[in-house]
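Turn these sequences into a full structure, and let the hints steer you where they fit.
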Amino acid sequence: MAAGQIPVLSLVARSYVFVLTGLRPLMAVAWPWAGVVYVAGWAADVSGRTTMEGEPSHGLWISLMANLVANSAVSVLCHRSIILGEQPAGLRSLSFARREVHYLLALLGLGLAIVLAFVLSAGLMHIVGLDGESVGLVVIVVAALALYARLCLILPDLAVAEGRLPWHVWRASRGQTARIIVGVALSGLPLTLVVLQLALAARVLHVKGLVGTALLVELLALAVSFLIMMIGAAFLSFVYKILVLDPSLSGPGVLESGKDGS
Numbered sequence: 001m002a003a004g005q006i007p008v009l010s011l012v013a014r015s016y017v018f019v020l021t022g023l024r025p026l027m028a029v030a031w032p033w034a035g036v037v038y039v040a041g042w043a044a045d046v047s048g049r050t051t052m053e054g055e056p057s058h059g060l061w062i063s064l065m066a067n068l069v070a071n072s073a074v075s076v077l078c079h080r081s082i083i084l085g086e087q088p089a090g091l092r093s094l095s096f097a098r099r100e101v102h103y104l105l106a107l108l109g110l111g112l113a114i115v116l117a118f119v120l121s122a123g124l125m126h127i128v129g130l131d132g133e134s135v136g137l138v139v140i141v142v143a144a145l146a147l148y149a150r151l152c153l154i155l156p157d158l159a160v161a162e163g164r165l166p167w168h169v170w171r172a173s174r175g176q177t178a179r180i181i182v183g184v185a186l187s188g189l190p191l192t193l194v195v196l197q198l199a200l201a202a203r204v205l206h207v208k209g210l211v212g213t214a215l216l217v218e219l220l221a222l223a224v225s226f227l228i229m230m231i232g233a234a235f236l237s238f239v240y241k242i243l244v245l246d247p248s249l250s251g252p253g254v255l256e257s258g259k260d261g262s
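Once you know that position 106 of the sequence shown is 106 in the numbering used here, the rest is easy, because the numbers rise by one and skip nothing.
Everything labelled a hint here was simulated from the structure, so no lab data went into it. Model, not experiment: these values are computed from the prediction. Beta carbons: idealized from backbone N, C-alpha and C, even for Gly. Treat each hint with caution, since some may be false.
Computed spacing ranges between beta-carbons, pair by pair [to be verified]: (1) 24 with 182: 28 to 34 Å; (2) 61 with 224: 19 to 25 Å; (3) 112 with 62: 18 to 24 Å; (4) 36 with 168: 32 to 38 Å; (5) 109 with 212: 40 to 46 Å; (6) 113 with 62: 21 to 27 Å; (7) 109 with 137: 23 to 29 Å.
Below is the structure:
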């Protein structure tokens, strides 16, 4: 690994280990949010069945917001546990205050920024005559991912910092774009594929009339989706500790130094 580059594979492994070894206290706080997400998903499903074809489902938007709210609360918990050493204290750690609201707004802002990157890149591709070409789509996706990689450290910064605007993370992530993209992908994609397979299995079970088994599979998929939230937040936390709190740790041996632990 070149000097000044984050050890992405080691940090991804560290993120999985952090979540899986500390799963019990984390889930002790996360389960109420999992309940909120499940109820919202059920409401979206019911709303989708009763909504006339072609009309937007309000339940879908409710489910999306429930997922974002839960993501904000759980991610802030993980960020503060890794970066500040705060230990989850069961339901006493259950919170959705100003810090979580700011985190939620940042998630929405990142989503908007990525959409704008897609739109602007698509417009540029149209101007140069590459719209509809596969190379144009690749350019659009790469532009959106690069923007996310440069801005994503805003999230852990909002979780742990007070009273400052997190513009400094743009400078901190310079030169790390590709590694952050790879790390985020490795943190989320494997388990995302598991969730998709579980969702497909649950749908098949519903069709066969095995409602009880389908419910268990849906709950398992929900639990795995929360693992994805936690592991993603953990990876960003470890990257934040290296690039923002102590840039000198971005060289070889960072994990052996003991400074990136929880």
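Consistency of the hints with the structure:
Residue 24 and residue 182 have their C-beta atoms about 30 Å apart, which keeps the hinted 28 to 34 Å range intact. At roughly 23 Å, the beta carbons of residue 61 and residue 224 sit within the given window of 19 to 25 Å. For residue 112 and residue 62, the hinted distance range of 18 to 24 Å is satisfied, since their beta carbons lie about 19 Å from each other. Separation of residue 36 from residue 168 is about 33 Å and conforms to the stated range, judged on CB atoms against 32 to 38 Å.
Between residue 109 and residue 212 the C-beta distance comes to about 41 Å, which sits within the given range of 40 to 46 Å. At about 24 Å, the beta-carbon gap between residue 113 and residue 62 stays in the expected band of 21 to 27 Å. Under the hint 23 to 29 Å, the C-beta atoms of residue 109 and residue 137, about 24 Å apart, fit the expected range.
Checked against the numbered hints above, the structure breaks none of them.
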